[in-house]
Amino acid sequence: MSRTRVDVVVVGAGPAGLAAATAAASRGRRVLVVDQGARPGGQIWRHRDGDAVPPRAAMAIDTATRAGVTFIMRAGVIDADGPGRLVIDVDGRIDDIETSALVLATGAVERLLPFPGWTLPGVVGVGGLQALVKGGLSLAGSRVVLSGTGPLLLPVAATVARGGGALTVLEQQPFARVASFGVRAIAADPRRLGDLFTYRAAARGASWHHDAWVMRAEGTDHIEQAVLRLGGREETVACDWLGAASGLAPRTALARLLGCALADDAIAVDARQATTVPGVWAAGECTGVKGDAAGMVEGTIAGAAAAGDDGPSQTLARASAAGRAFARQLATTFAPREALRSRVTPDTIVCRCEGVRAGALGDGWSGRQAKLWSRAGMGVCQGAVCGLAGATHFGWEPGISRPPLGAPRLGAWAGHLAPPTDHQGHP
Amino acid sequence: MADCTILVDGVPRRVPAGSSLAAALLGLGISAFRRDADGRPRAPVCGMGTCFECRVTVDGEDGVRACLLTVREGMRVGTAT
Numbered sequence: 001m002s003r004t005r006v007d008v009v010v011v012g013a014g015p016a017g018l019a020a021a022t023a024a025a026s027r028g029r030r031v032l033v034v035d036q037g038a039r040p041g042g043q044i045w046r047h048r049d050g051d052a053v054p055p056r057a058a059m060a061i062d063t064a065t066r067a068g069v070t071f072i073m074r075a076g077v078i079d080a081d082g083p084g085r086l087v088i089d090v091d092g093r094i095d096d097i098e099t100s101a102l103v104l105a106t107g108a109v110e111r112l113l114p115f116p117g118w119t120l121p122g123v124v125g126v127g128g129l130q131a132l133v134k135g136g137l138s139l140a141g142s143r144v145v146l147s148g149t150g151p152l153l154l155p156v157a158a159t160v161a162r163g164g165g166a167l168t169v170l171e172q173q174p175f176a177r178v179a180s181f182g183v184r185a186i187a188a189d190p191r192r193l194g195d196l197f198t199y200r201a202a203a204r205g206a207s208w209h210h211d212a213w214v215m216r217a218e219g220t221d222h223i224e225q226a227v228l229r230l231g232g233r234e235e236t237v238a239c240d241w242l243g244a245a246s247g248l249a250p251r252t253a254l255a256r257l258l259g260c261a262l263a264d265d266a267i268a269v270d271a272r273q274a275t276t277v278p279g280v281w282a283a284g285e286c287t288g289v290k291g292d293a294a295g296m297v298e299g300t301i302a303g304a305a306a307a308g309d310d311g312p313s314q315t316l317a318r319a320s321a322a323g324r325a326f327a328r329q330l331a332t333t334f335a336p337r338e339a340l341r342s343r344v345t346p347d348t349i350v351c352r353c354e355g356v357r358a359g360a361l362g363d364g365w366s367g368r369q370a371k372l373w374s375r376a377g378m379g380v381c382q383g384a385v386c387g388l389a390g391a392t393h394f395g396w397e398p399g400i401s402r403p404p405l406g407a408p409r410l411g412a413w414a415g416h417l418a419p420p421t422d423h424q425g426h427p
Numbered sequence: 001m002a003d004c005t006i007l008v009d010g011v012p013r014r015v016p017a018g019s020s021l022a023a024a025l026l027g028l029g030i031s032a033f034r035r036d037a038d039g040r041p042r043a044p045v046c047g048m049g050t051c052f053e054c055r056v057t058v059d060g061e062d063g064v065r066a067c068l069l070t071v072r073e074g075m076r077v078g079t080a081t
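Chains as they are written, first to last, in our numbering: chain L, 1 to 427; chain Z, 1 to 81.
These are calculated hints, taken from the structure and not from any lab test. Watch out, some of these pointers could steer you wrong.
[Stated by the list, open to error] Here chain L is said to cover these stretches of chain Z; the calculated rule only asks that three of the stretch's residues, wherever they fall, bring their Cβ under 8 Å from a Cβ of chain L:
#1 20–32
#2 40–53
[Stated by the list, open to error] FRET-style restraints, in silico, Cβ to Cβ:
#3 Z:A2 with L:G311: 47 to 57 Å
#4 L:A339 with Z:D36: 19 to 29 Å
#5 Z:A2 with L:A325: 22 to 32 Å
#6 L:S207 with Z:R72: 19 to 29 Å
#7 Z:A37 with L:T345: 14 to 24 Å
#8 Z:A37 with L:I400: 18 to 28 Å
#9 L:G50 with Z:D36: 29 to 39 Å
[Claimed, not checked] A few chain L residues that face chain Z, going by a derived Cβ cut-off under 7 Å, partial list only:
#10 R48
#11 C381
#12 A384
Idealized CB from N, CA, C, for every residue including glycine.
Okay, chain Z solo, but in the shape it has when bound:
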């Protein structure tokens, strides 16, 4: 499958087009999607929008569940890495 480019924390990264954003970020080795109150990293768990652990910032909007989103060319993603 073709690749597309997304900006992860300001850095252009190639990811497989058609991937969910959660799968794409995990594939890049990112495991701190967000941080809990103790500063510990959190990452996707349920993969289907229920647990809210995969929240990231997408195109300036906070709290977006990465598992429910498909990657788009030029998408700007903020993680807690």
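In isolation and in its complexed conformation, chain L is listed as follows:
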């Protein structure tokens, strides 16, 4: 075990984290970025070892590196004794970091909602499928169904179509709702029109449906077909891959462990990106899903604040306010449809880790009761998947975060912190 002391730790090397690290380092602070991935860039700028780095990512990584930022990759925060003392797992080795300031740029996760057959191999997330393709999976000759909601469907559809897969895309929301959102979004930032054209042109061979979603997946040891709900009727299509999710949700486990308050399921922050815990700032998707450009604005503000700056410039403050407004529009427009709850039969697995089926959950149970009485959320993913499903379908409260986060090798973690004590400090 080694101990490192720095001025600022940034958790997450996506757009917001890179911007925060650059802002703090360019103010003379010693900055460490910790990220789970093999290379900086986060999920949105994920790229394969040896592949060309996306240009915007290359620029952000290069700028951070030149500002003197240090990266620790394949690493995650597993425990914290307040924001100033973090325990990280670096590829199986446990390290201690002491820091004066902490910036959370932990990004978002997909909201994976349960339906019959969703544990079959071949059923993945929407972003999950994109991550696998970016990781080298070939879809040539494959039949793919994407069932989701929100702007992420567009780049993923383009990725699938470019990779040679025959594609059906289902957007949960009605067309009029998506169209009116699109008009406002493009009016606010005309560059989005170019993105829309690029993605739709790449996926022009796909069959697109609105007000539509997957009802169930069927197959023996792998998905063979998906039953879709298209405009009030059901239709079965043969497929090799099903990407199914209901948009993205802020990733807040570390923030909750530190005691940061949430607002609308995102980390609550003020105009300087300060959380409710002194010494902790947050930026990007973890404070509300809003996209990479707005995330970089927030990261710049958070990194400067963590380095001791006064409030952001007028320009940054305006850009940040616009980003927040966009996040609210996104969350409202693409909220999961309530009708999806009807997909869940008593036999449907809700907690994938523990194999807990919906029929084992009592009516009106809270997330805590479900955990205690059915083991839902007690598995290795620590409720990362079923916690969001329960919040969406069963009204579960955000889960209580307990260390260690991210399932480190327990042998390494066990002799690390002082023995557990009770509330009075007795062993």
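Let chain L serve as the given structure and place chain Z on it in line with the hints.
What follows is chain Z alone, placed relative to chain L:
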């Protein structure tokens, strides 16, 4: 992109160098990365380390998330196939 050789359940297999282990195994047609309590196969879902469905054995270590790992020449991988 060049290939590299990994041992999957004892059998040498060629996979694209630089791939994530999850993508490489799926590309080989493997869908039982692990099995649930009922013996049903499970395979990658989130692709980013959150869901833990892609756990395999790598060089003797259990419970390794294949989506977070890049393939390496000679890597020994155990699945539930």
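Report task. Would you check whether A384 (chain L) satisfies its interface hint, that is, whether its CB is within less than 7 Å of any CB in chain Z? Result -> 5 Å, holds
**Report entry** T345 (chain L) and A37 (chain Z) - C-beta distance against the hinted 14 to 24 Å
**Finding:** Holds: the Cβ-Cβ distance is about 19 Å, inside 14 to 24 Å.
Requested in this report: Confirm or reject the coverage of the stretch 40–53 of chain Z by chain L under the rule of 3 or more residues with a beta carbon closer than 8 Å to the chain's beta carbons.
Outcome: holds (count 14)
Query - Coverage criterion applied to the stretch 20–32 of chain Z (partner chain L; beta-carbon cut 8 Å; 3 residues) - result: holds (count 8)
Query - Supplied distance hint 19 to 29 Å, evaluated on CB atoms of A339 (chain L) and D36 (chain Z) - result: 28 Å, holds
Requested in this report: May I ask you to test the interface hint for C381 (chain L) with respect to chain Z, counting a Cβ-Cβ separation under 7 Å as satisfied?
Outcome: Where the cut-off is 7 Å and the nearest Cβ of chain Z is about 5 Å from C381 (chain L), the hint holds.
Query raised in the report: Does R48 (chain L) pass the interface hint, meaning its C-beta sits closer than 7 Å to a C-beta of chain Z?
Result: 5 Å, holds
Query raised in the report: Do the beta carbons of A2 (chain Z) and A325 (chain L) sit within 22 to 32 Å of each other?
Result: 47 Å, violated
Requested in this report: Using the Cβ atoms, figure out if S207 (chain L) sits within 19 to 29 Å of R72 (chain Z).
Outcome: For R72 (chain Z) against S207 (chain L), whose Cβ atoms are near 40 Å apart, the range 19 to 29 Å is violated.
Requested in this report: Please test the hint of 47 to 57 Å on the beta carbon pair from A2 (chain Z) and G311 (chain L).
Outcome: Given a distance of about 51 Å, which is inside 47 to 57 Å, the answer is holds.
Query raised in the report: Okay, G50 (chain L) versus D36 (chain Z) on CB: inside 29 to 39 Å?
Result: 34 Å, holds
Query raised in the report: Okay, A37 (chain Z) versus I400 (chain L) on CB: inside 18 to 28 Å?
Result: 25 Å, holds
Figure legend: structure checked against the earlier numbered hints; hints not met, in rising order: 5, 6.
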